[in-house]
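These protein sequences, in sequence, are chains A and B. Once you know that position 261 of the first sequence is 261 in the numbering used here, the rest is easy, because the numbers rise by one and skip nothing. Once you know that position 344 of the second sequence is 1344 in the numbering used here, the rest is easy, because the numbers rise by one and skip nothing.
Rather than coming from a laboratory, the hints here were simulated on the basis of the structure. Treat the hints with care, since some could be wrong.
Stated by the list, open to error - Keeping only pairs whose Cα atoms sit at most 35 Å apart, straight-line, the calculated DSBU-like set for lysine-lysine is:
#1 B/Lys1299 to A/Lys159
#2 B/Lys1372 to B/Lys1314
#3 A/Lys516 to B/Lys1284
#4 B/Lys1372 to A/Lys155
#5 A/Lys136 to A/Lys155
#6 B/Lys1314 to B/Lys1389
#7 B/Lys1299 to A/Lys155
#8 B/Lys1351 to B/Lys1284
#9 B/Lys1299 to A/Lys516
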Amino acid sequence: MSGTYDAIVIGGGHNGLVCAAYLARSGRNVLVLEAREKVGGAAATEEIAPGYRAPVFAHLLHHLHPAIEKDLGLAGHGLALAARGLATVALERSGRHLRIDGASVTRFDGPGVSEADLAGYRRVRARLLKYAKALKPMLTEVPPRLGTTAWSDRKSLLKLGWAIRRLGRADMREFLRIVLMNVADLFEDEIEDELLVGALAFDAVLGEHVGPRSPNTVLSLLYRLSGSAAGVQGAVAVPKGGMGAVADALAAAASAAGAEIRTQAPVTRVLVEGDRAAGVVLDSGEDIRAPEVISNAGPKITFLDLLGAEHLDAGFVRQVANIRTRGSAAKLNLALKGLPEIQGLPAEALGERLVIAPSVGYLEEAFNPAKYGEFSPRPALEITLPSVHDATLVPDGGHVLSAVVQYAPTRLEAGWDAARDGFQEIVLDLLEAHAPGLRSLVVGQQLLTPLDLERRFRMTGGHWHHGELVVDQMFMLRPVPGAAQYETPVAGLFLCGAGAHPGGGVMGVAGMNAAKRVMAREAVG
Amino acid sequence: MSDLTEARPSLHTEVSRPTPFHPRLSGLCLTNEWVRWGGYTTVNAFDNVELEYFAVRNQSTVFDVSPMNKYCVHGPDAERFMNRLLTRDVRKIAPGRVGYCIWCDDAGHVLDDGTVFRFSETEFRLCCQERQYLWLWESAVGFDVTIDDVSDEVAGLALQGPTSFAVLKRMGLEGAAALRPFDVTDFEFGGGALTVSRTGFTGDLGYELWVPPERALDLWDALWEAGRLHGLRPIGSAALDLARIEAGFIATNIDFVAKDNALRPNRGRSPFELGLNRLVDFDKGHFTGRRALLEEREKGSRYHVVGLEVLGSKPARDALVYVGEATQVGTVTSAMWSPTCKRNIAIATLKRPYDLGKEPLWTEIYVNKEGKWEKVVALCHITERPFFKTPRRSATPPLDH
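Isolated chain B (complex conformation):
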């Protein structure tokens, strides 16, 4: 008889790795709800999703972002390379700044979104959801740059919420007060550098902290100690997702399919279709997808990602969007009842021109009422994103409480 305690991974086993913070996470994860993210074991919920969510808006929270993919791009042509890769003009991102960005394939379809950190004239770090090394490497033909996958060499924590600066201050990082949104700088911590950027995925005041894995636990412990009086609690991906929907951010492979993950040829989405026009700069010179996007601008786009407010209180999760009774014009990709906004909100992809909202839009929501599926048809209307907006997100110096 085989010994089940000695199971060995086969070719088909996908073993998830612990993140550098795992020793602390595992002790705190009372639900034992783990999810696989980017090949890592991560937490879906530590304790109670609602309490974790409310901590984002009222206290401060820490979320392990170590599984994000991180690529260091450096060399004499780094700026030219990044400008050919990204749709926005990186020349406008000064050293010490971070930018939200997307990049496309030749067809002008988005491969992923992420943040680009500019450390110097010749050094960038791209931080994103999907594996992109191959694309970056292929994009480097003809450029004098080096691309390093530093995903495993940088551990990250997102510290988000109204008291997040106070936590940093108590930890000894008073200097973080000077950081404006999208600033990044290094602090001395534990005998090495701690990179702090004022960035995040919650639409609230918040920071992201980056250290080498060997100092990850020291960082966690210092934060933990400093956060005691500021309501710091760890959150999992379920609570983060609620915060990001309120903030109106789209998520790769939830609100759109990254082109490389799509099998069906028409699933690719352009920046215009994702409502990210502001990230496309046609005046900066050539970038991958530029000609396709120019053509799309001429001929028109097929879809548009919009924010919806749905009447009633049923979250319109996975709902279909109709005009009249028989014309399906779109799909809801993210939805929630927003406790902070007190609104039933959703992010949806609509076929154009229904995104103009000239005709009434209806969501067809299926609700499972104790084993019985019921259809709720609710009127909805297109609304501005972000759904949740707070001045504390950008106030500099930040709130200190």
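This is chain A alone, in the form it adopts within the complex:
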């Protein structure tokens, strides 16, 4: 069974598949080793009740890089969007929901927010989009290393400086004023409407262990806005066949390029010989050799578990051990025998991105217990009903509801085994309050806590970015200062996962950049 390959990719998450596809297209003999029975990691579609398929974790596509779609010909491998340009609907208990679609903010039953708020919203939105655009090249490029004299590193830093300077004096000042600020202050300065501010601020904290009043959340928001779906900056889309279809298309592209994909093949160790990576050992004991090993696993797992501290310097290990990986988002998937009704929401709006984050205060209060190892008694939700766009996911008349639930810390004081039922009831109650009768439609449910994510998808801390995406863990500081650029202290071992720049979010850039790095490193010799 064991063969020799040019490169082994540990983990078949979306980044691993992207990396493998690029490497295989360059003529390399590539093997992808996936621990689970199926590739795609958390970007998967699974049956949650007989006949009902739901996006296991990720449910929206924000960021998949257009170059990847094009280079790998993903459309030819079955990737299609069921819906694009989703609007955000800020749900409100009494039914006075807001529909936020680009620059417009309206209500379903009458006038939207005040003139002043609308103007304020447009002002701040235009600014954010402009700054996000300036940051965008940084997000997709290889980050510079600090403390080197290499021209390429200086060039990347200069480029960032230039992109900011080019905004002009007034905008540069404004950018520097807000970039490390908290998102609540940013929006509250311009907008009075609590519902609007809550929904906007939610975007900045999704998936992170931060609240809207935590510092640096504006940067997280800019990061999110810099993505694009179907060419529209900051837009979100739903893939046909669920998020699993993205993984399937990537796997097909990798296979078509000649990469071999083995599932149910968990790697337990990276082989090191002569201080460089030489291959991997599977839990079956089988060893497989390759001069390049690229890990899609998070930095903690890669360095501390697969490689082992003994091959690394103690200071580096300390940095890795201190990467913050506190997952705070849980996922509830519901199989419904009919379309739910949300008070005050027209049925045709059920396909939008629905948000329960009625104010900044609500969000911040939801975050508070998470700091102390408790889940939110009144959580914030991002809800989609993918079956509205894609009937193939469900039996006739059925629907699936997919909700990201915040906040649910990985390390719960009470322990998730004891607490999960109570938490699930809280979320169901919250949904029921907005959509009376929803409980009676439920025919199947699946709750994934961050602890489940950690166990099922081997994500440290159950964090969907393999490490918090905050300013001191971004750009050249990701995964740790001095180890950016997808390389590791051990020659021949690379990182291609969300723990590397620019992070997760089904974007694939880390995988693409890592593949390019491997090729560049080989070219140098």
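Here the structure of chain A is known, so what remains is to put chain B in place on it, guided by the hints.
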């Protein structure tokens, strides 16, 4: 009015603690010259520094090393842990042996030097100048080891000088005759164990004796009694420093700055820069700093610590080293007139390649002549260390007189 006799320590007061030998030291310290060392009250000079120094070379001396930091490392992975920590290969240090060692940070800069005692396959003790618990603890991630700070649980005395074995013998430790340099073994003493290692910081025949603090005074009294006829006298850190310079040993935070104490980013020194190449083993597997040191070996080091012999008799303390009149190429970090060698010696850090000695080196020494500073420019040349070498240091069995 506040009562000065009732002064209470504030947050900013750093109270020095007495060592376990303090009750005896305080009676013997005629100069009342105390210095703070590692949070302890220690003696700089008991009586007369010169006489104390000469006792190291001609009689025997006892120096309280209790303030040294001592860490016990034990567990199944102890050997692997130590080999990842230290630059040398600890697999070559057998149980019952001691080794001089250094350890580095990721940049290959020395954090401290010390001695590693290997008691068994799975138990080591690291003895060093600086506090290292945090670094050891951080280095333990991924290793099945336990690190205990036993600094306060082990009292130590350095018994050094030509008659030191004779003192031990008279104390009843004839068995110490079998100890070769860097051997360590336990003897029965006062109803418990006394650990004796043939180690020291003087370059002379000598031993270090380690006991739990509660038996420290018994040990002192026994030594004192046994040393009566062998010229045993206590010495302070001033005399020890003279002996260690003659022996050519570098001292942390004197001849180089421990990386953790350095604020300026370029003050770290690699083993190569300290002239400790022999302590770096690239073939043993990975250790912290290895990759940085390999790169340094490729690209070259910046500095080199060397021994100097300076013409004239003025100790070149804190002198600058020049090539020609205007090019400063280094700094003297330790210097003395060596009474035993009859040479004016120094330890200096030189920029490479001036360590090759291809051009004449000059030391610029400032001497305070009764309130008037004078500059003495003296030729110097690079010389072998140790400056002082004696066969009695390593003779086994040791001299007995």
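Against the structure, the hints:
{"no.": "1", "hint": "B/Lys1299 to A/Lys159", "verdict": "holds (30 Å)"}
{"no.": "2", "hint": "B/Lys1372 to B/Lys1314", "verdict": "holds (15 Å)"}
{"no.": "3", "hint": "A/Lys516 to B/Lys1284", "verdict": "holds (33 Å)"}
{"no.": "4", "hint": "B/Lys1372 to A/Lys155", "verdict": "violated (56 Å)"}
{"no.": "5", "hint": "A/Lys136 to A/Lys155", "verdict": "holds (16 Å)"}
{"no.": "6", "hint": "B/Lys1314 to B/Lys1389", "verdict": "holds (22 Å)"}
{"no.": "7", "hint": "B/Lys1299 to A/Lys155", "verdict": "holds (24 Å)"}
{"no.": "8", "hint": "B/Lys1351 to B/Lys1284", "verdict": "holds (30 Å)"}
{"no.": "9", "hint": "B/Lys1299 to A/Lys516", "verdict": "holds (28 Å)"}
The structure does not agree with numbered hint 4 stated previously, though it agrees with all others.
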